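Knowing the structure of chain A, use the given hints to seat chain B on it.
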Amino acid sequence: MALTKQEWLDLEKKAAELRELCLDTVNWAGSGHWGGSSSCADIMTLLYYKYANFDPKNPADPDRDRIVVSKGHVGILLAPLFAMLGLVKKEDLKTFNLTGSKLGIHLDSNKVKGLDSSTGSLGHGSSIAVGMALAAKLQGKKYKTFLVLGDGECDEGSVWEAAMSTAHFKNRGTLDLITIVDRNHNMIDGNTEDVMALEPFEDKWKAFGFETIVVNGHDIPALADALERAIAGGAKPFCIIADTVKGEGVSYAAGNYKWHYGALDEAKYTTAKKDLAEYAAKRIERVNKEGK
Amino acid sequence: MAGGITFTAVESTKLATAEIFGKTIAELGEKDPKIVCLSPDLATSTKMKDFLDKYPERFFNVGIAEQNMIGIAAGLAKSGMTAFASCFSVFASLRALDQVHTDVCYQNVNVKIIGTHGGTSFGQAGSTHHAIEDIGVIRPLVNMTIIVPADGIETANAVRAAAATDGPFYIRINRGFDNVVYDAKKDYGFQVGKAVEMIEGTDITIIACGSCVYQAMQAASILNFDHKIKARVLNMHTIKPIDREAVLKAVAETRKIVTVEDHTVIGGLGSAVAEVIVEGGKACMLRKLGLQDKFSAIGLHEDLMAMHEIDAQGIVKNVLEVMKLDIEKDEFWGDEV
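Those protein sequence lines, which keep their order, are chains A and B. For what it's worth, the numbering used here labels the leading residue of the first sequence as 1, then goes sequentially. For what it's worth, the numbering used here labels the leading residue of the second sequence as 293, then goes sequentially.
In isolation and in its complexed conformation, chain B is listed as follows:
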C-alpha cells in the first residue's frame, strides 16, 4: 500500500497528518476522475486545498452544513462518484449521523468520511470540538469500515485503501502533527482489518489506535528497560472490522490486555476488543484506557493525553498495576490456555 506515495520520508515528518491526507487525495484525484471532495467550509482546516487547486470542478464547498454535505456526497456516490467528505470528527459523527446512517450506510455507497480533529487533538477548543464518542457512535453502523491511523503514513495508506475498496469508510485523523511510527520508505504491509505488531512481547499486550500507538510504543520501551516487562504493542488501526485473530492471539499468549484510545472507553476500541475477548471464552485481564466517561478539559493535546493516562507515562502506570493482578489464582478462571 505504501508504494506510490510521492512525498518523502523527510516530508512526512514535517507535515501535519491532515496535510498528508490532502496530498494523498490530490494524488488519487489525478488518477481517478471519479473522486470528488466535499467540505463544509473547512477546506483549509482539513487540508483539501491541493485537491481544490487542481480539480476545482470536483470540489464542493457546501458551507457550514455537515448534514447537507453527507447527503450530497451520498447523491454523488449513488451516481457513480467516489465522494471524500471531510470535516471535524465530532460533527461528522454526531451532527450528520442520520445522513451517515441512512444515506451512506443503508444505501451502501462510496462515501469516504475523513473525520479530522479526532479525539482531544483540538484540545484548546474544548468539548464542543473534541470527538470522544465518534467511534462508539459510528461502530454499530452496518457496512461501515472504521480506520484510526497511527500517523501520516498510515493515513495515506488508509485513504488509498478507502478509495480502492467499495463501501462507506470513516477515517479518523488528528489535528496537527502526529508522532511518526512508520518509515515512509518501507512498506509495512498495511491491510484493512489487520492489526500491526509494532513491538513483540509476551507479558502483556497493549492494543492502541491513532495517536496512542506512539505512546504505547514509548511505554513498551520504558517497561522493557525499567521493569523488564515485555509488552507487545498492537496497532489496531482498523476498529471495524476488528482483527479478532490478533486479539485472541494476544489473549492466548499474554493473558493481559490494556487498550489505549483517545476516545471514551465506552463504545470504542476498548469495547470492540472486550467483545472479542468475551466471545473468545478465554480468561483475560483487560483494562481500557481512554476518557473514563467524562468530558475532557481545555488544553494542549499532549497535556490532555497525560490527564487521561493515555500517554506513555499513564500507560506504564496502568500496565504495572495490571501486571500485579494475578489472574491465575482466581478459581473461576481455570480454562486451559
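Next up, chain A with everything else stripped away, as it sits in the complex:
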C-alpha cells in the first residue's frame, strides 16, 4: 500500500469533507450535479491533496502540475474543493448559480484561481490537456498533466482524437499526461451501455496505445496505488479507469442515473446528510481496520 495509515485517514477525512460541502452547495443552490460530483470526489481529493504538485498559495506557479477536469459539469464539486484549498471563499459557495456569482455549473478559469481550464462542452478537455503537456516539454518544465474524463463524455469523437495524440506524442517523448476516467456507468438518459455502449471500454484505451489500470474509484489506497504506478510512468501513457458509483454515499442517489442532476428538498437533504455521515464513518472504520 502506497499510503500510511495516517495519510489514508487524512485523505478519507478530506474526501468526506468534500462530499459534505458539495452536498451543502447543492442544497444552497437548490439543485446540482450531485451524481457525477460524488463519483469523482475521491479522485479529485487524491489529486489535489496528495499527487498533484500544486500549492494553493501559489496557484499560478508555472511549474505546478496541471489538472484538466474535462467533465466540466462538476463545478459544484470543484468550487467546494477550491474553497477547502482556500482559493474560493467558503461564503461564496452560498452564491453558487446565483445571478452575478463567479461560481456556476461550469467554472470559468478566468474567474476561479487555480482552475487550469474552463470546460463544459464535453470532449474538449482531452485536447487541452495534450496542449498543456506538450507545453511542459517545450518549456523544459517537469510538470505533469492530469486529465479527468467522464465516461459518458467518451461518446464524443474528440476524446479519441486526443487519445490518439496522447499516445502519438508520448511515443515521441514529448508528453507527460495521465488520463483518469470516472467510470460511473451513467449519463443523463440512463446507463452508458443502454444509451451508447462503451464496452469493451478498457480494450478501447488499450487499442489507442494506453497502459490501463482498472481500479475501484472509491478505494483510496487502491486509487493511490494506481496513481503512483501511472506517475512512475512507462513506455505508454496511462489511463486509469476508476470504477465508480454515480451519486456515491447517498442512499437514494447512488447508482441512479436520474441523479446526474437533481434538486434537493429538506427531507432529501436531511437523509443525504445522514447517509454521508454513515458512509464516511464506515470508510474510516476500514482505515482503522486495514491501515498500516
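To be clear, the hints were calculated from the coordinates, so they are not data collected in a lab. There's no promise every hint is true.
Claimed, not checked - With a Cα cut of at most 25 angstroms, we get these calculated BS3-like pairs of lysine-lysine:
(1) K326(B) <-> K142(A)
(2) K323(B) <-> K141(A)
(3) K609(B) <-> K141(A)
(4) K141(A) <-> K346(B)
(5) K292(A) <-> K50(A)
(6) K326(B) <-> K137(A)
(7) K113(A) <-> K326(B)
(8) K236(A) <-> K206(A)
(9) K346(B) <-> K137(A)
(10) K137(A) <-> K341(B)
(11) K323(B) <-> K137(A)
It should be emphasised that the depicted structure is a prediction, and the values quoted were computed from it without experimental measurement.
Quick look at chain B alone, frame taken from chain A:
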C-alpha cells in the same frame, strides 16, 4: 508593420499568399521561442514547412483532426505559448467551431487561427471546401479579431500583428496567388481595425476585403475612365473590430456604398458594414456583393468571382446600377448630411 519583412517585393509577387504566411511565421518563430505551429495534416498545403524545418520541436501535426488541433492549441496557449493553428477556413470555422468558441474565445487565449483556402479560392474542390460562411460564423465570437488580408504583404502584416497582440485571431487567406495591391518596399501603416483608403473618391464607396480589394481597385479605374465616376475604395482588412469611423465617413461623404466579399452576403463584411450604417442613423444606399445565399460551383477562382459579380466587371455593373438610384428623392431620407 511592414518593417522587418525580409523577402523582397519581387519575391512577394512570386509567392502564393500562404507561402508568405509560411515565411513570416518562420521569421517570427526565430525571434519568439513561445511561437508554436499546429497543422491537421496540412503543413504542405498551408505552407508551414519553413517553420517545421527550422523548429521541428515547436511544430505539431495532429493528423486530420481540426477539433483536436484547436483544443491542443488552446492548451498550449493556456500554458504560455502563442499557438498558430492553420487549416482550411471551412474546417477551422465549421468543424472546430465549438473548440474555437469555448477553448479559445471564452478562455481568451493566444491562439491565432490561419484559415487558408478562404472564400471560393479552392474553386475546383467544390462547396465542401469553399469557405463562404466562415466570417459570419466567427464574427459573433467574443474576444475574436478577424482579418482578411488583401494580398501577401498584408498577410505578413496581419500575422505579425496577431503575434504581437494578446488574444484570439482569425486570419483568412486564399489558396494560391493573390493579385498584389501593396508595395513591399513601402510601409502603408497597417493597423488592426483601421481600413485603408486605396483610392480616393466622392461619388460612391466600394468597401472590400481579401481578394476583392484588387477587383474593387480595378473597378474604380474603369468607373473613372469610362464613366467619370469617382469611386472610393476602402480595404476593410479587419472585419472585427470593424472601422466604424471609415464607414460613417463614407456614408457622410458618398451616401452610397457597395461591399464586396468572397463570402455569403449574410453575416460577413457586408453585414458588418450594414450594422454600422444603420446604427449611424444617416441615410445610405447599400448593396452587398458576394454569394447571394447560394452555394458556389466548381471552377477556377476567377471564374467563380465573375459568376458572383465580385470581380471588376461585376462590381462596375453593380456600381452603375446603384449610381442610378437617387436616394435624395425619397421623402423618408430627409436627414441632413
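TODO: Against the earlier hints, flag every one the structure doesn't satisfy and list their numbers going up.
DONE: 3
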